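**Q** The task is simple: from the sequences and hints, build the whole structure.
As they're listed, the protein sequences go chains Y and P. If you count the first sequence from 1, position 137 lands on 137 in the working numbering, and the numbers rise without skipping. If you count the second sequence from 1, position 68 lands on 68 in the working numbering, and the numbers rise without skipping.
Because the hints were derived from the structure by calculation, they are not lab data. One or more hints might be untrue.
[Said to hold, decoys possible] Each pair of labels, with its calculated beta carbon distance range:
#1 THR308/Y / VAL28/P: 32 to 42 Å
#2 GLY347/Y / ASP29/P: 34 to 44 Å
#3 ALA334/Y / ARG23/P: 17 to 27 Å
#4 ASP324/Y / LEU61/P: 38 to 48 Å
Keep in mind it's a predicted model, so treat the numbers as computed, not measured. For glycine and all other residues, C-beta sits at the position ideal for the given N, C-alpha and C.
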Amino acid sequence: MSDTELSLGVSDFVALLNQTLEFAYPNVTITGELANFRVSKNRWVYFDLKDEISTVRFFGTIYQLPGPLEDGMLLAVKGVPRLHQQYGFSVNVLQIRPTGEGSIKKAAALLEKKLEAEGLFDNSRKRSLPYPPHSVGLITSAESAAYRDFIKIMQARWGGVDITLIDVQVQGEAAPQQLVAAVEQFNQMPNPPDVLVMTRGGGSADDLQAFSTEQVTRAVSASRIPTLVAIGHEIDTSLAERAADKRASTPSNAAELLVPDRRAVLDGLHAYRMQMERDISQAFGAIRTANAQTIKFAGKHVEHVINTAVEKWSLQRQLLMAFDPQAALRRGYALVRNAQGVLLRSGHQVTEGDKLDIALADSHVTAIIKEVTIEKE
Amino acid sequence: MAKQSDYQTLNQELETVLAALQRPDIDVDEAVKLYERGLKLTADIEDYVKQAELKIKKLKLRQAAGGTDV
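**A** Encoded structure:
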């Protein structure tokens with residue numbers, strides 16, 4: 001320790017103190033209970049963290065908030081301590097994280113309420129997933145059991161689905177940013193996959209925290225590609241799952257929902273075929289019966305028509321026979337023609353000495369007229 | 001023989017012939033011609049009806065034997 005006395009102007013002292021603080025605490029995380037939380041001009045955020053004895057002031061922007069906050073919550077705030085030229089000491093916020101089970105739950109509940117009010121979880125927004133999809137964009141950790149389970153079940157059930165993985169951290173500080181980036185990357189592909197699957201296995205509430213952050217929930221909700229989110233857990237549903245078009249309970253369950261079971265489909269097809277064969281043989285049977293009846297009926301009908309024609313023909317023939325000129329000749333009538341072959345109907349057509357041709361039933365006789373007597377005029 | 005006439009045509013002509021024969025002022029020569037035509041027509045109709053009956057009988061036999069072209 002030197003006993004050199006330091007004498008400075010106010011501004012110089014502020015500058016020197018800030019330099020010293022920056023050097024000593026490039027960043028520091030302070031944990032305490034939130035008090036006097038307020039937002040100014042929809043941009044600036046002021047609050048205090050306190051414990052039983054002390055209070056420290058903080059200053060930041062709304063972009064650093066993890067979600068809605070409420071006085072009384074326990075927060076871990078990372079920041080840079082600074083002395084302001086006019087307003088005194090405060091810590092400039094870099095990151096805010098709710099901590100302790102109660103506060104995490106409280107923060108999650110507040111965020112959930114806010115997003116719910118915005119309609120992110122509305123059932124009317126849910127799209128149906130293509131079934132089965134041709135391609136899947138998978139967002140998970142390549143090292144995880146979730147990844148292996150998902151791939152294994154997919155291949156066992158269906159196969160042939162094109163799966164593209166974007167390897168991300170599914171827990172820890174970097175997780176939310178990586179999850180969001182992966183969703184965006186898939187959405188920006190020139191040939192995006194048919195469906196996005198975001199998944200990880202179970203874990204503690206802290207482990208699963210990334211899937212309930214505002215940024216991940218919004219990214220899932222904003223994805224143009226339909227989404228399936230499957231986080232293995234027992235009780236609570238993460239917010240990303242609620243925002244997804246469909247949720248599954250585990251990575252394996254995600255695969256089960258995404259594609260049908262090949263064997264079940266084949267069994268179903270077989271059953272369909274059997275049913276179809278039964279149906280068609282029944283239909284043929286019905287047609288055969290109907291045809292037989294039609295034929296019987298048509299046969300009777302055509303017989304009737306023919307019989308009618310025969311009867312008619314018989315009557316016509318009888319009528320025709322009545323006009324047989326030979327019949328008249330056989331009864332004793334005769335046809336008399338003159339020498340020119342003209343049939344005679346009157347005595348005026350002839351005179352004495354004319355030659356006549358008389359047709360009888362069995363012969364022709366030639367005669368000469370001796371006398372013509374006209375009986376009626 | 002020219003084109004085979006159907007039943008309806010044959011029958012219509014026969015009806016015409018019969019009607020002509022029944023006219024009171026019919027000339028004998030014409031009556032003879034009509035009568036001859038009438039005989040020819042009744043023979044044709046008889047043939048036609050016989051053929052039709054035969055055809056129906058054949059079809060019935062084929063059907064009874066389990067023909068598939070129904």
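**Q** Compare the structure with each hint and give your call.
**A** Quick rundown of the hints versus the structure:
{"no.": "1", "hint": "THR308/Y / VAL28/P: 32 to 42 Å", "result": "holds, 34 Å"}
{"no.": "2", "hint": "GLY347/Y / ASP29/P: 34 to 44 Å", "result": "violated, 21 Å"}
{"no.": "3", "hint": "ALA334/Y / ARG23/P: 17 to 27 Å", "result": "holds, 22 Å"}
{"no.": "4", "hint": "ASP324/Y / LEU61/P: 38 to 48 Å", "result": "holds, 40 Å"}
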